[in-house]
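Protein chains in written order, with the numbering used here: chain A, 44 to 491; chain B, 120 to 342.
Hints may contain errors.
What the hints assert, rightly or not - DSS-like mimics (lysine-lysine), calculated; alpha carbons at most 25 Å apart, straight line:
no., chain 1, residue 1, chain 2, residue 2
1, A, K279, A, K243
2, B, K269, B, K121
3, B, K269, B, K206
4, B, K269, A, K360
5, B, K219, A, K360
6, B, K290, A, K319
7, A, K84, A, K243
8, A, K360, B, K121
Derived by calculation from the structure, the hints in this document are not laboratory data. Treat the numbers as computed from the prediction; the structure is a model and nothing was measured.
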Amino acid sequence: MSPGHNNGFSRRIWVRFTALNTVIFATSMMLVLILTQVIGKKHLTDQIRAQIQTEIQFLQYEFREDGLGELLEETEERIEKNPVGRRLQYVVQNAAGDVLFDEFPAERDQTGWQNVERQVDGKAVHYLFFYQTLSDDYTLGVGSTLASVEQFQAAIGKTFLFTLLSALAIGVASGFGVGVWMSRRLNKVLQALRQVAAGKWQTRLPENAGGYEFEELALELNRMFAHLEQSIANLKYISAGISHDLRTPITRLRNRVAALQTGEVGRAALLLELEKAQQELDGLLSYFDSALLINELQSGDLVRNFIGLDFSELLEKMLEHYNPLFEDADLRVEINIQQGIRVYGMPSLLQRLIANLLDNVLIHGAGGSALLVSLKMDSANACLTVANHATADPSVSVGSYELPAGLERKKMGQKIIHAITAAHGGKCDISRDAQHHQCRILLPLATG
Amino acid sequence: MKILLLEDDPDLQVFLADKLRHQGCDVYAMATCAEALSLVQSQGFDIYIIDRMLPDGDGQDWLERVRLEGDVTPALFLTALGSVVDKVSGLRLADDYLVKPFDFAELWARLQSIARRLDNVRTNQIALGDLSIDRVTHEVRKNGAVISLKPMEYKLLDCFLSHSGQIVTRKMLLEQVWGFHFDPATNIVETYISRLRAKIDDHGSASLIETVRGEGYRFVPRS
Numbered sequence: 044m045s046p047g048h049n050n051g052f053s054r055r056i057w058v059r060f061t062a063l064n065t066v067i068f069a070t071s072m073m074l075v076l077i078l079t080q081v082i083g084k085k086h087l088t089d090q091i092r093a094q095i096q097t098e099i100q101f102l103q104y105e106f107r108e109d110g111l112g113e114l115l116e117e118t119e120e121r122i123e124k125n126p127v128g129r130r131l132q133y134v135v136q137n138a139a140g141d142v143l144f145d146e147f148p149a150e151r152d153q154t155g156w157q158n159v160e161r162q163v164d165g166k167a168v169h170y171l172f173f174y175q176t177l178s179d180d181y182t183l184g185v186g187s188t189l190a191s192v193e194q195f196q197a198a199i200g201k202t203f204l205f206t207l208l209s210a211l212a213i214g215v216a217s218g219f220g221v222g223v224w225m226s227r228r229l230n231k232v233l234q235a236l237r238q239v240a241a242g243k244w245q246t247r248l249p250e251n252a253g254g255y256e257f258e259e260l261a262l263e264l265n266r267m268f269a270h271l272e273q274s275i276a277n278l279k280y281i282s283a284g285i286s287h288d289l290r291t292p293i294t295r296l297r298n299r300v301a302a303l304q305t306g307e308v309g310r311a312a313l314l315l316e317l318e319k320a321q322q323e324l325d326g327l328l329s330y331f332d333s334a335l336l337i338n339e340l341q342s343g344d345l346v347r348n349f350i351g352l353d354f355s356e357l358l359e360k361m362l363e364h365y366n367p368l369f370e371d372a373d374l375r376v377e378i379n380i381q382q383g384i385r386v387y388g389m390p391s392l393l394q395r396l397i398a399n400l401l402d403n404v405l406i407h408g409a410g411g412s413a414l415l416v417s418l419k420m421d422s423a424n425a426c427l428t429v430a431n432h433a434t435a436d437p438s439v440s441v442g443s444y445e446l447p448a449g450l451e452r453k454k455m456g457q458k459i460i461h462a463i464t465a466a467h468g469g470k471c472d473i474s475r476d477a478q479h480h481q482c483r484i485l486l487p488l489a490t491g
Numbered sequence: 120m121k122i123l124l125l126e127d128d129p130d131l132q133v134f135l136a137d138k139l140r141h142q143g144c145d146v147y148a149m150a151t152c153a154e155a156l157s158l159v160q161s162q163g164f165d166i167y168i169i170d171r172m173l174p175d176g177d178g179q180d181w182l183e184r185v186r187l188e189g190d191v192t193p194a195l196f197l198t199a200l201g202s203v204v205d206k207v208s209g210l211r212l213a214d215d216y217l218v219k220p221f222d223f224a225e226l227w228a229r230l231q232s233i234a235r236r237l238d239n240v241r242t243n244q245i246a247l248g249d250l251s252i253d254r255v256t257h258e259v260r261k262n263g264a265v266i267s268l269k270p271m272e273y274k275l276l277d278c279f280l281s282h283s284g285q286i287v288t289r290k291m292l293l294e295q296v297w298g299f300h301f302d303p304a305t306n307i308v309e310t311y312i313s314r315l316r317a318k319i320d321d322h323g324s325a326s327l328i329e330t331v332r333g334e335g336y337r338f339v340p341r342s
């Protein structure tokens with residue numbers, strides 16, 4: 044992939060983030076302003092209506108108590124008391140429609156709330172009026188300009204425009220910033236993925252790239268890369284092992300067949316050669332079985348067959364099976380097994396694990412040496428130790444933990460032990476010195 | 120024994136059919152799932168021998184379909200798919216699972232085991248020649264005298280007596296006696312057989328448990 048592709052990727056990221064941020068900011072601002080507009084207008088209008096209704100009730104009372112004259116007089120007084128700040132308009136008209144008070148004409152026949160527009164100094168002024176019919180068909184109207192509401196709306200409109208522009212600017216800036224920040228980190232991930240895809244399995248992401256999510260992503264991806272690298276290495280190891288190790292037995296097999304073709308052999312010798320050839324073939328099959336098992340273990344396919352099982356019981360049974368072999372090999376066996384240790388696994392695999400460890404001691408352990416098998420439990424793990432201790436006689440050497448191999452050179456048995464342990468989520472540690480060889484296996488305890 | 124053999128490799132199919140017929144079996148050999156399906160719908164069999172990778176599908180899917188139709192005929196998978204996962208999934212449907220390559224002797228012994236289970240002929244008392252075992256008390260007698268065997272030695276002898284006269288491979292012994300589905304690197308089978316021979320054989324005479332070179336062992340009863 045060319046660098047141009049990376050630039051294109053970066054551009055796409057920050058352009059999208061910029062656009063997205065701008066839209067989100069602008070939409071949020073619009074919603075806030077529309078809500079403010081609607082709620083503010085309603086609140087102001089309600090205040091005006093309440094004031095008008097209070098005034099209507101008062102004047103209505105005056106009219107009822109003292110008649111039209113008192114109503115007109117009282118209205119006059121109320122206007123005079125507050126001529127400058129006069130916000131309320133009054134109108135009284137008789138049944139014939141003649142205006143008895145103020146210059147404000149009765150422009151509506153209906154009673155109730157009315158919106159009225161009037162030209163004042165060449166400008167349209169809007170009023171809200173309430174008309175109330177009094178006795179003798181007089182009509183009283185009290186109104187107020189809506190200037191405060193209109194001023195509020197105008198102020199909100201200006202604010203909206205300013206805020207929208209600000210939101211657009213902030214949206215563009217923050218979108219650009221976040222986009223660039225994201226694209227830098229995503230580019231690193233992208234580059235790492237491309238390198239892995241190109242076969243550079245050792246590629247890793249910087250794990251302190253900043254940002255919790257990216258840190259977590261980098262950790263998980265690195266874990267995946269490590270697993271891939273390990274799997275590929277194992278695959279290479281096994282492939283190379285197969286291709287190299289098979290040559291020797293296949294050559295032997297070929298030579299046997301060739302010898303049988305060319306040589307004069309009796310029936311007994313023929314049968315012997317055929318038996319040896321069969322053994323070679325069985326060895327090859329065993330090797331393939333081991334390679335297949337390791338592959339299965341590393342792929343994680345077997346985990347779904349795991350069950351909770353009594354590891355102590357399994358180990359005891361295996362030692363019982365092997366006891367005649369220990370006797371024949373003159374091995375002194377010291378067993379220390381804590382009862383009731385349960386692990387989560389596959390019985391046949393754990394049998395094989397134990398068998399491989401015991402086989403190793405039988406194959407490589409010296410007669411008269413001591414075999415210690417112990418199984419203990421700590422807070423989280425079952426700890427199986429198989430140790431072969433040398434005898435006091437220095438001439439008796441202990442065996443090596445080169446575990447039994449399927450074929451000559453490769454330590455297939457040891458690889459199986461590691462693979463089975465890893466498949467069970469455990470750890471395997473093999474240590475050796477001149478006198479002591481020990482294999483220690485930790486397997487997680489079964490929970491629940 | 121009427122056997123349906125579902126195997127697509129022509130050479131292996133002919134080889135197995137001939138061998139099984141030679142043992143007195145009535146063999147119907149098929150190469151595809153479709154052929155085998157129409158055959159089992161028209162007639163019954165005692166045992167199915169099924170390959171997995173067939174030209175028109177997986178033998179395991181075929182058996183699953185047959186089982187869903189209520190057919191409980193015992194089955195044995197004979198396949199090159201030898202992974203643990205394959206075996207585990209195969210044994211959920213079939214009675215036995217044998218991985219290629221295989222000895223015919225082993226296949227035949229496994230088929231007979233299945234047939235015996237089918238006939239429910241497992242008896243509590245077995246007397247072969249001068250040797251007898253009681254499966255309830257785990258008592259073994261030779262010429263009437265009790266022989267003391269350890270539990271695994273008893274299981275080994277029981278296995279041999281169950282397959283008297285037949286070749287029993289090392290793999291079969293490991294599976295049936297020790298429950299091992301792998302071949303240990305050490306001579307556990309040979310050690311136990313040696314100990315068993317020492318207890319049941321007469322001094323100076325041929326062993327009751329013969330070694331069949333390149334194949335396995337065979338129990339040969341003598342009076």
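Going down the list of hints, with the structure as the test:
Distance check on the hinted pair: K279 of chain A and K243 of chain A sit about 14 Å apart at the alpha-carbon level, within 25 Å; holds. The straight-line distance between the Cα atoms of K269 of chain B and K121 of chain B is roughly 39 Å, outside the 25 Å bound, and the hint therefore fails. About 31 Å separates the Cα atoms of K269 of chain B and K206 of chain B, which puts this hinted pair outside 25 Å; it is violated. Between K269 of chain B and K360 of chain A the CA atoms are separated by roughly 13 Å; this keeps the pair inside 25 Å, and the hint holds.
Pair hint K219 of chain B plus K360 of chain A does not hold up; C-alpha atoms about 30 Å apart against a cutoff of 25 Å. For the hint linking K290 of chain B to K319 of chain A, the alpha-carbon distance of about 18 Å falls within 25 Å, and the restraint holds. Using a Cα cut-off of 25 Å, the hinted pair K84 of chain A and K243 of chain A is violated, with the two alpha carbons roughly 66 Å apart. Between the alpha carbons of K360 of chain A and K121 of chain B the distance comes to roughly 40 Å, so the proposed pair goes past 25 Å and is violated.
Hint compliance for this structure: hints 2, 3, 5, 7 and 8 are broken, all remaining hints hold.
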